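Use these hints to put chain L onto chain B, whose structure you have.
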Amino acid sequence: MPDDLIAIVEESEDVNSALISRVRLEILWALSELGEDGATARQLKAGLNLSDGVLYANLKKLVEMGYLRSEKVTLEGKELDLYAITPEGLAEWRRVRGWLCKLLGCEGDTCER
Amino acid sequence: MDKDRFEHRLIAQKLVYLLKLKGVEFVYPFRLYVRGPYSPNLAREYYQHGDEFSRCETESTLSPAEADAVAGLTGLFDKSPSLLEIGATYGYLAYEMRQPPEQAYRMVRRMKSFYSNEQIVKGVNRAKKYLFVPTDEEKAALDAELQEWQRAGIRSMRH
Numbered sequence: 001m002p003d004d005l006i007a008i009v010e011e012s013e014d015v016n017s018a019l020i021s022r023v024r025l026e027i028l029w030a031l032s033e034l035g036e037d038g039a040t041a042r043q044l045k046a047g048l049n050l051s052d053g054v055l056y057a058n059l060k061k062l063v064e065m066g067y068l069r070s071e072k073v074t075l076e077g078k079e080l081d082l083y084a085i086t087p088e089g090l091a092e093w094r095r096v097r098g099w100l101c102k103l104l105g106c107e108g109d110t111c112e113r
Numbered sequence: 114m115d116k117d118r119f120e121h122r123l124i125a126q127k128l129v130y131l132l133k134l135k136g137v138e139f140v141y142p143f144r145l146y147v148r149g150p151y152s153p154n155l156a157r158e159y160y161q162h163g164d165e166f167s168r169c170e171t172e173s174t175l176s177p178a179e180a181d182a183v184a185g186l187t188g189l190f191d192k193s194p195s196l197l198e199i200g201a202t203y204g205y206l207a208y209e210m211r212q213p214p215e216q217a218y219r220m221v222r223r224m225k226s227f228y229s230n231e232q233i234v235k236g237v238n239r240a241k242k243y244l245f246v247p248t249d250e251e252k253a254a255l256d257a258e259l260q261e262w263q264r265a266g267i268r269s270m271r272h
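As given, the protein sequences belong to chains B and L, one line each in that order.
When we follow this note's numbering, the leftmost residue of the first sequence carries the number 1, and every step to the right adds one.
When we follow this note's numbering, the leftmost residue of the second sequence carries the number 114, and every step to the right adds one.
So that you can see chain B by itself, here it is in the shape it has in the complex:
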């Protein structure tokens, strides 16, 4: 049992539990350092090895939660869906990551990526 039991339990109340899903965490992780540039749905699908159904269901949920924004972009004449993390999404991602690190007993408050 880690020494910081109280901190882990207290901080868990601040963590959005709807985010604790492998796919949602992977999506936020993948977009967390891409800022405004974001990534297209097809880059996320191929890069994270997800099916269309799983990807779009989770992207939709993350947009509804206000953690991602989406826009249409054009690449070589094709219209694509681009997703980027919002400031709220980034703050939530950092909160969850810090909490998971504490839970897993990593060094410091956050792990190296």
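Hints are computed from structural coordinates only; laboratory data are not their basis.
A few of these clues could be false.
[Stated by the list, open to error] Just a few of them, taken from the derived set where beta-carbon distance is under 8 Å, the chain L residues facing chain B:
{"id": "1", "residue": "PHE119"}
{"id": "2", "residue": "TYR146"}
{"id": "3", "residue": "VAL147"}
{"id": "4", "residue": "ARG148"}
{"id": "5", "residue": "TYR151"}
{"id": "6", "residue": "PRO153"}
{"id": "7", "residue": "ALA156"}
{"id": "8", "residue": "TYR160"}
{"id": "9", "residue": "ASP164"}
{"id": "10", "residue": "PHE166"}
{"id": "11", "residue": "PRO194"}
{"id": "12", "residue": "SER195"}
{"id": "13", "residue": "GLN216"}
{"id": "14", "residue": "ARG219"}
{"id": "15", "residue": "MET224"}
{"id": "16", "residue": "LYS225"}
[Said to hold, decoys possible] Keeping only pairs whose Cα atoms sit at most 25 Å apart, straight-line, the calculated SDA-like set for lysine to any residue is:
{"id": "17", "chain 1": "B", "residue 1": "LYS61", "chain 2": "L", "residue 2": "SER229"}
{"id": "18", "chain 1": "B", "residue 1": "LYS78", "chain 2": "L", "residue 2": "THR187"}
{"id": "19", "chain 1": "L", "residue 1": "LYS192", "chain 2": "B", "residue 2": "GLY77"}
{"id": "20", "chain 1": "B", "residue 1": "LYS72", "chain 2": "L", "residue 2": "GLY163"}
{"id": "21", "chain 1": "B", "residue 1": "LYS72", "chain 2": "L", "residue 2": "GLN216"}
{"id": "22", "chain 1": "B", "residue 1": "LYS45", "chain 2": "L", "residue 2": "SER193"}
{"id": "23", "chain 1": "B", "residue 1": "LYS72", "chain 2": "L", "residue 2": "TYR146"}
{"id": "24", "chain 1": "L", "residue 1": "LYS135", "chain 2": "L", "residue 2": "LEU145"}
{"id": "25", "chain 1": "B", "residue 1": "LYS45", "chain 2": "L", "residue 2": "SER229"}
{"id": "26", "chain 1": "B", "residue 1": "LYS72", "chain 2": "B", "residue 2": "GLY35"}
{"id": "27", "chain 1": "L", "residue 1": "LYS192", "chain 2": "B", "residue 2": "LEU75"}
{"id": "28", "chain 1": "B", "residue 1": "LYS45", "chain 2": "L", "residue 2": "GLN216"}
{"id": "29", "chain 1": "B", "residue 1": "LYS78", "chain 2": "L", "residue 2": "TYR159"}
{"id": "30", "chain 1": "L", "residue 1": "LYS235", "chain 2": "B", "residue 2": "LEU80"}
{"id": "31", "chain 1": "B", "residue 1": "LYS45", "chain 2": "B", "residue 2": "GLY66"}
{"id": "32", "chain 1": "B", "residue 1": "LYS45", "chain 2": "L", "residue 2": "THR187"}
{"id": "33", "chain 1": "B", "residue 1": "LYS78", "chain 2": "L", "residue 2": "PHE227"}
{"id": "34", "chain 1": "B", "residue 1": "LYS45", "chain 2": "L", "residue 2": "LYS135"}
{"id": "35", "chain 1": "B", "residue 1": "LYS60", "chain 2": "L", "residue 2": "LEU128"}
{"id": "36", "chain 1": "L", "residue 1": "LYS116", "chain 2": "B", "residue 2": "ASP81"}
{"id": "37", "chain 1": "B", "residue 1": "LYS45", "chain 2": "L", "residue 2": "GLY163"}
[What the hints assert, rightly or not] Not the full set, but computed from the structure, chain L residues with beta-carbon under 10 Å of chain B:
{"id": "38", "residue": "GLY149"}
{"id": "39", "residue": "ARG157"}
{"id": "40", "residue": "GLU198"}
Quick caveat, the model's predicted, so the values are computed rather than measured.
The beta carbon of each residue, even a glycine, is placed where N, CA and C say it ideally should be.
Using the frame of chain B, we list chain L on its own:
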């Protein structure tokens, strides 16, 4: 180049990365993301200096070798976003992560599966052509082979 256009930002990221692999000095660290090789620091620069980015202006001047590297890259890839995305990803895997060529190729096919096989082959081949630097042994082997061909050509002309 327009910082508000997704296509242009993608081209800038991949051009700078491939030039860096070729030996042109840049201060931007790159890592592999779902987009392929990408530098958040470079992204910050084109968002903060949109005017210079649009005019392709810089305070630095290129050395002749650097100018050659730029000319070679634009000649091969013709600023095609898809080929640059494929080529830069292959470059990262094969030259930065030192994956064997076959493994790097398979990984590019998986990571960029939304591009056709033809595009993948084209992008990978152009990256190889741009980045491949033969070793002294490879150069010697190539010379020996070419001399054989040359001798055979001369012999056939005599008959």
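(request) For the pair supplied as a hint, LYS45(B) and GLN216(L), confirm whether the alpha-carbon distance does not exceed 25 Å. (result) 20 Å, holds
(request) For the pair we were handed, LYS45(B) and SER193(L), check the Cα-Cα distance against 25 Å. (result) 22 Å, holds
(request) Compare the distance between the alpha carbons of LYS78(B) and TYR159(L) with 25 Å, and conclude whether the hinted pair is satisfied. (result) 24 Å, holds
(message) Against the 25 Å threshold, does the CA-CA distance of LYS45(B) and GLY66(B) hold or violate the hint?
(response) This hinted pair holds, its Cα atoms lying about 20 Å apart.
(request) Given the hint that LYS78(B) pairs with THR187(L), test it: the Cα-Cα distance must not exceed 25 Å. (result) 22 Å, holds
(message) For the restraint on PHE166(L), tell me whether the closest CB of chain B is nearer than 8 Å.
(response) Violated: closest Cβ of chain B sits about 13 Å from PHE166(L), beyond 8 Å.
(message) Tell me if the interface restraint on MET224(L) is satisfied: Cβ within less than 8 Å of some Cβ in chain B.
(response) Hint on MET224(L): holds, closest Cβ of chain B at ~6 Å, below 8 Å.
(message) Less than 8 Å between beta-carbons is the criterion; does TYR146(L) satisfy it with respect to chain B?
(response) 6 Å, holds
(request) Below or equal to 25 Å on CA atoms is what counts here, so check LYS45(B) against SER229(L). (result) 16 Å, holds
(message) With the threshold set at 25 Å, check whether the alpha-carbon distance from LYS45(B) to GLY163(L) stays at or below it.
(response) Answer violated: LYS45(B) to GLY163(L) is near 30 Å, above 25 Å.
(message) Need the status of pair LYS60(B), LEU128(L): alpha-carbon distance at most 25 Å?
(response) 32 Å, violated
(request) With a cut-off of 25 Å on the C-alpha distance, tell me whether LYS116(L) and ASP81(B) pass. (result) OK: LYS116(L) and ASP81(B) at ~18 Å, within 25 Å.
When the structure is compared with the earlier hints, violations turn up for hints 9, 10, 13, 14, 17, 21, 32, 34, 35, 37 and for no others.
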